[in-house]
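Protein chains: 2
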Amino acid sequence: MSSLENNFREIIPYTPGEQPQFKDKVKLNTKENPYPPSPKVMNKMLDYNELKLYPDPTAEELISAIADYHGVSKDMVFAGVGSDDVLATSFMAFFNSGKPILFPDITYAFYDVWANLFKIPFTKCPLNDNFKIEKEDYYRENGGIVFPNPNAPTGILMPLSQLEDILSHNRDVVVIVDEAYIDFGGESAIPLLNKYDNLVIVQTFSKSRSMAGMRIGYAIAGKRLIKELNTVKYSYNSYTLNYPSIKLGKLAIEDDEYFKNTVSKIINTRERVKKELSDLGFSGTESMSNFLFVTHKNIMAKDIFGALKEKHIFVRYFDKPRIDNYLRITIGTDDEMDKLIAFLKEYINK
Amino acid sequence: MSSLENNFREIIPYTPGEQPQFKDKVKLNTKENPYPPSPKVMNKMLDYNELKLYPDPTAEELISAIADYHGVSKDMVFAGVGSDDVLATSFMAFFNSGKPILFPDITYAFYDVWANLFKIPFTKCPLNDNFKIEKEDYYRENGGIVFPNPNAPTGILMPLSQLEDILSHNRDVVVIVDEAYIDFGGESAIPLLNKYDNLVIVQTFSKSRSMAGMRIGYAIAGKRLIKELNTVKYSYNSYTLNYPSIKLGKLAIEDDEYFKNTVSKIINTRERVKKELSDLGFSGTESMSNFLFVTHKNIMAKDIFGALKEKHIFVRYFDKPRIDNYLRITIGTDDEMDKLIAFLKEYINK
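Chains W and F, in that order, give the protein sequences. Here the first sequence is numbered in our numbering, starting from 67 and rising by one per residue. Here the second sequence is numbered in our numbering, starting from 67 and rising by one per residue.
Simulated from the structure, these hints should not be mistaken for lab results. If a hint is listed, it holds; no wrong ones were tucked in.
As the list makes no split between identical chains, a pair holds if one copy fits it or if it spans any two.
Here are the computed lysine to any residue pairs in the SDA-like style, where the Cα-Cα straight-line distance is at most 20 Å: (1) 289 to 77; (2) 106 to 119; (3) 165 to 70; (4) 375 to 409; (5) 89 to 127.
Note that the structure is a prediction, hence the values are computed from the model and not measured.
Pulled out of the complex, with its shape left as it was, chain W reads as follows (with noise of 0.2 Å):
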């Protein structure tokens, strides 16, 4: 078997938040929503004899809704199952320079694990002492970008104005905004679509959208771009996204009004939760997104972590360099937060 272990791809896996199973836990580990999707979704029958057939590899009815929503044209939308199988798709289409992509030193985990896959050399840049990207940092000679807008798990969003600065110093290369959280607050760069050629704008259904279960992800760009994408698709899996998935996700972003509404609930329970947090002595980051990402000033973060899930309270603790007495919390129900704060109150004070 040894030898037979020669032939084997060497990587390091990302881990994934936990799936936790008990029945009375609050989930706040991993960035869902806590409202289920529209009930356009809700209420709809799928054909289940359509399932004989192999899907459309084009996905057109979604890519269309996509198109419509975004006001952009058809060929300016990719789907994948995610938005990390979008990304993963971007990383392989875009970046084979050989030259060492970029991106932030605190930021999504599957960066370093996708550019690891692909043998993608990388540098990461570090945040600055806010936790802010310094623009600067991604003006050397590289082989593309890419950062989450707002950045993961800090939640801080990066103006347009500093998101163009980059984009202009980086005409050769794509650089990639992955805007999983741009809904709660931020201002998406897709309107510099018309004036950047090499930006890849990629978003999800799994947080805004209440669709995590159903794995909907898109790009969009300029058409040549697209069409790569589509040609990386086209030579990996021709029919990612399955039958419910087209259907299903056609629906979802159809029905704007129950969209607007959920994300509006999320933020001010956001902007709620953070002021209790700030009572309780915890400080963090102005996130823009669906979770805060908080430090507190007597107690350490991995013990709260675990006296949390003790409780069944599942919340993010990352064991890693700047960021090991923060937590992550995802922004849950307003019942699931009055838990979390009662804990808090109950366990800080004690």
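Based on these hints, arrange chain F on the given structure of chain W.
Below, chain F alone, put in the same frame as chain W:
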């Protein structure tokens, strides 16, 4: 833009079969099952409220059902978004030695596409004049082996004794046997897993299990190979199978009676149609799959293909060396096949 393209991956994508949209079509070009999924699937109400949460990344329910069905342990099963995803992941995981991998010259058209995508060198071993795999071609030094059994588009089955000869000559590399069509008359290599730790068997829900629209494929192999496939999966996309795939896939595999019944209907139709085509002057391989691979004694395959297409009867034609006078015809319902035969009778005798 031209310098931007220097960063792109150089590839030639796979061309999937046409998905014609005519209402009155007879679609025999993409090897789909003409029968709907099991009534257990058709009658299942999914709880769409679950869609707000990420699906189980381990797809435990589905994996358990597959493991139970095949009488193997859960850690011997890996699942993905169709067998294409499972095969592509296997290429990434197992074909990293730098030596050329081996596969037939006439076979599933995705193998060389994946090899190109992942920059894996490869050598194609020509089928013999009867379109059979010559096992001795696979005794040379190599970086891995992959072939379908039965092979596509020929439908020819390799006896397990020959398959074992290939395995025993290649103990130091991974041998992938793509059993997409095994249920239509072949014998699975699963029992050989006890003896060969270098064997990966790939199966799919898209053909015999009537669920092409759901995109479910799986691999069965020894624990160490499955662990390696999971490592690559968790480095690419933690949550590949969505909530409906996990739930409905489980139900589909559990209904063995329905499965055996539809498979046997397809086999009966195949044998009947083979005889009728023979009466019309067609000959072909001894197909053990859900398609026939036939050539006509007088009329060029390309002409027949075009004539059928005009009548909205879609079969597959490959404009490739050695097989450019053959048609691949999926076995549909008896009614669909009657339409095909009726047209051919008229066309050939005109």
